[in-house]
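Visitor: Throw the hints in and build the complete structure from the sequences for me.
Number of protein chains: 2
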Amino acid sequence: MRIGEFSKRSGVPVSTIKYYLREGLLPAGERTGPNQARYDDGHLRRLKLVRALVDVGGLSIAAVREVLGAVDGSEEPLHDVLGLAQRSITTAPAVERDEVAEQQAREFLAARGWMCSDDNPALRSIVAVLTTARELGHDHFLDQLSAYTEPCRDVARSDVEYVLRRSSVEDAVEGLVVGTVLGDRALAAMRRLAQMEMSASRAPREAAGE
Amino acid sequence: MRIGEFSKRSGVPVSTIKYYLREGLLPAGERTGPNQARYDDGHLRRLKLVRALVDVGGLSIAAVREVLGAVDGSEEPLHDVLGLAQRSITTAPAVERDEVAEQQAREFLAARGWMCSDDNPALRSIVAVLTTARELGHDHFLDQLSAYTEPCRDVARSDVEYVLRRSSVEDAVEGLVVGTVLGDRALAAMRRLAQMEMSASRAPREAAGE
Numbered sequence: 160m161r162i163g164e165f166s167k168r169s170g171v172p173v174s175t176i177k178y179y180l181r182e183g184l185l186p187a188g189e190r191t192g193p194n195q196a197r198y199d200d201g202h203l204r205r206l207k208l209v210r211a212l213v214d215v216g217g218l219s220i221a222a223v224r225e226v227l228g229a230v231d232g233s234e235e236p237l238h239d240v241l242g243l244a245q246r247s248i249t250t251a252p253a254v255e256r257d258e259v260a261e262q263q264a265r266e267f268l269a270a271r272g273w274m275c276s277d278d279n280p281a282l283r284s285i286v287a288v289l290t291t292a293r294e295l296g297h298d299h300f301l302d303q304l305s306a307y308t309e310p311c312r313d314v315a316r317s318d319v320e321y322v323l324r325r326s327s328v329e330d331a332v333e334g335l336v337v338g339t340v341l342g343d344r345a346l347a348a349m350r351r352l353a354q355m356e357m358s359a360s361r362a363p364r365e366a367a368g369e
Numbered sequence: 160m161r162i163g164e165f166s167k168r169s170g171v172p173v174s175t176i177k178y179y180l181r182e183g184l185l186p187a188g189e190r191t192g193p194n195q196a197r198y199d200d201g202h203l204r205r206l207k208l209v210r211a212l213v214d215v216g217g218l219s220i221a222a223v224r225e226v227l228g229a230v231d232g233s234e235e236p237l238h239d240v241l242g243l244a245q246r247s248i249t250t251a252p253a254v255e256r257d258e259v260a261e262q263q264a265r266e267f268l269a270a271r272g273w274m275c276s277d278d279n280p281a282l283r284s285i286v287a288v289l290t291t292a293r294e295l296g297h298d299h300f301l302d303q304l305s306a307y308t309e310p311c312r313d314v315a316r317s318d319v320e321y322v323l324r325r326s327s328v329e330d331a332v333e334g335l336v337v338g339t340v341l342g343d344r345a346l347a348a349m350r351r352l353a354q355m356e357m358s359a360s361r362a363p364r365e366a367a368g369e
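The listed protein sequences correspond, in order, to chains Y and E. Those letters in the first sequence? Residues 160 to 369, per our numbering, in order. Those letters in the second sequence? Residues 160 to 369, per our numbering, in order.
By construction, these hints were calculated from the structure, which means they are not laboratory data. Treat the numbers as computed from the prediction; the structure is a model and nothing was measured. Be careful, since some hints might not be right.
Which copy is meant is left open, because identical chains are indistinguishable; a pair holds if it fits in one copy or across any two.
Unchecked claim - Calculated cross-link-like contacts (lysine to aspartate or glutamate; reagent style EDC-like; alpha-carbon spacing at most 16 Å):
(1) Lys-177 x Asp-277
(2) Lys-207 x Glu-235
(3) Lys-177 x Asp-231
(4) Lys-207 x Asp-330
(5) Lys-167 x Asp-200
(6) Lys-167 x Asp-298
(7) Lys-207 x Glu-294
(8) Lys-207 x Asp-298
(9) Lys-207 x Glu-255
(10) Lys-177 x Glu-320
(11) Lys-177 x Glu-189
(12) Lys-167 x Glu-294
(13) Lys-167 x Glu-255
(14) Lys-177 x Glu-294
Guide: Here you go:
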C-alpha cells in the first residue's frame, strides 16, 4: 500500500508516519519511485506496536527505539533479550539518591533473590519510591512493599507463561513488551477497583463513621 | 520561614514555588509585608506531597489540584473521599472506543462485583488496554487480566489496611494518595524483577535453547 492508504488503515496521520520513518521506528518502505514507497502488513503491525508503546505505555521515542531494537535483535538467548526489552520499557523517576533508601532497596531485593545491576531501572525506581516515602514521613512504606512480593510473583508467573506460549523468540519479546506495557495499565486500574471493593466493606464503619 | 528558606529546605526553586502558589497547589503564606510572606512546616509538607505527585506519579498540575481538593475536603464519609482522591490519581490513555472491548470490560468488572460509573478512569483504562490488545492481535489478553484479579485483591487489601491504620480522615486520604502513586511505581518495578526471576528459571531451556 502507498503511504496514504497506510495512514488510512492505521488511523495515524501521514506526517506522524514520516516522523517515525525518520526516527527509525518504522523500517523504510519498498521504493517504487523517486518519491514513492510501498508498505505492507508488517509495517502496519509495527506501527500499531509503536502507537501502543507511545499512547498506552507513555514511552518516549528514544525508549520505543530501544524496545524495538530488542524485539528485532533476537540473536541472543531469550532470557537476555527479554531482560533487554524489559529494561527499555522501565522508567525510573528522577529523584535524588538517599543513602538509607538505597541500602533498604538493596537489602529488599537481595532478600527476595532479585539480583540486578546498580543502574537497573527497576532498582532505581524502588530507591526513588523509598526516598520519596521517607521524605513524606511514610517511614514504614517498606513493609507495604513486602506485602506486594507474592502478588507480584503471581502476576509475573502468569506473564512469563503468556510469553513462553508464543512460538518464536520475536513473538515472545513482542508479547513481553505488549503484556508489560498494557499490563501495567491494567494492574493499576484493577488495583483501584479492588481497593474500592475492600474500602466499601471496611471504611464506612471503621474510620469515617466516628 | 521566608520563601528563600522554604526553597532551600525543600530543594524546590523559588520560581517553582511561586508557580505552585499561583496555581493554588500551595496555600498562600502568612503575609508579613507588601512583598513578603511566611511559610510553615505545613507548607513544607504540602510541597513535598506536590513534588511526589508530579515527579513520581507523573500527574499533571490539574490532576494534582484535584487530588489536593480531595485531601482537604474531608467532610464527606471516608469511603467517598477515598473514591474521589482515587479518581483524580487515575489517568486513562486516550484511545478510541472499541465496542467489543467496551463490552468485555463491563462484563469483566461485573463478574468481579466491581461496580463503577461509565466515565470512571479505571474502567476507561481497561477498555483502552483491551482495545489496544485486540489491535495488536492479542485477542486473549482478557485471560491475562483474569489472572491478575487475586493478586490485585491481595495488594488492595494491604493498601486499605495501610490507609485505615492512619488516625484522621485527612491522614487516611493522604495515605491513599501516597500509597497508590508510590505503590504503582513500586509494583511495576517489582513485577519486572519477579518476571526476571521466573524467566531465569524457565526461558533458557524452554524456548531459547532450541
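Visitor: For each hint, tell me whether it holds in the structure or not.
Guide: Cross-check of the supplied hints:
no.: 1; hint: Lys-177 x Asp-277; in the structure: neither (37 Å within a copy, 36 Å between copies)
no.: 2; hint: Lys-207 x Glu-235; in the structure: neither (25 Å within a copy, 44 Å between copies)
no.: 3; hint: Lys-177 x Asp-231; in the structure: neither (21 Å within a copy, 47 Å between copies)
no.: 4; hint: Lys-207 x Asp-330; in the structure: within (15 Å within a copy, 43 Å between copies)
no.: 5; hint: Lys-167 x Asp-200; in the structure: within (13 Å within a copy, 56 Å between copies)
no.: 6; hint: Lys-167 x Asp-298; in the structure: neither (53 Å within a copy, 23 Å between copies)
no.: 7; hint: Lys-207 x Glu-294; in the structure: between (40 Å within a copy, 7 Å between copies)
no.: 8; hint: Lys-207 x Asp-298; in the structure: between (42 Å within a copy, 14 Å between copies)
no.: 9; hint: Lys-207 x Glu-255; in the structure: between (36 Å within a copy, 13 Å between copies)
no.: 10; hint: Lys-177 x Glu-320; in the structure: neither (36 Å within a copy, 51 Å between copies)
no.: 11; hint: Lys-177 x Glu-189; in the structure: within (14 Å within a copy, 54 Å between copies)
no.: 12; hint: Lys-167 x Glu-294; in the structure: between (50 Å within a copy, 15 Å between copies)
no.: 13; hint: Lys-167 x Glu-255; in the structure: between (45 Å within a copy, 15 Å between copies)
no.: 14; hint: Lys-177 x Glu-294; in the structure: neither (45 Å within a copy, 21 Å between copies)
Comparing the model with each numbered hint stated earlier shows that hints 1, 2, 3, 6, 10 and 14 do not hold.
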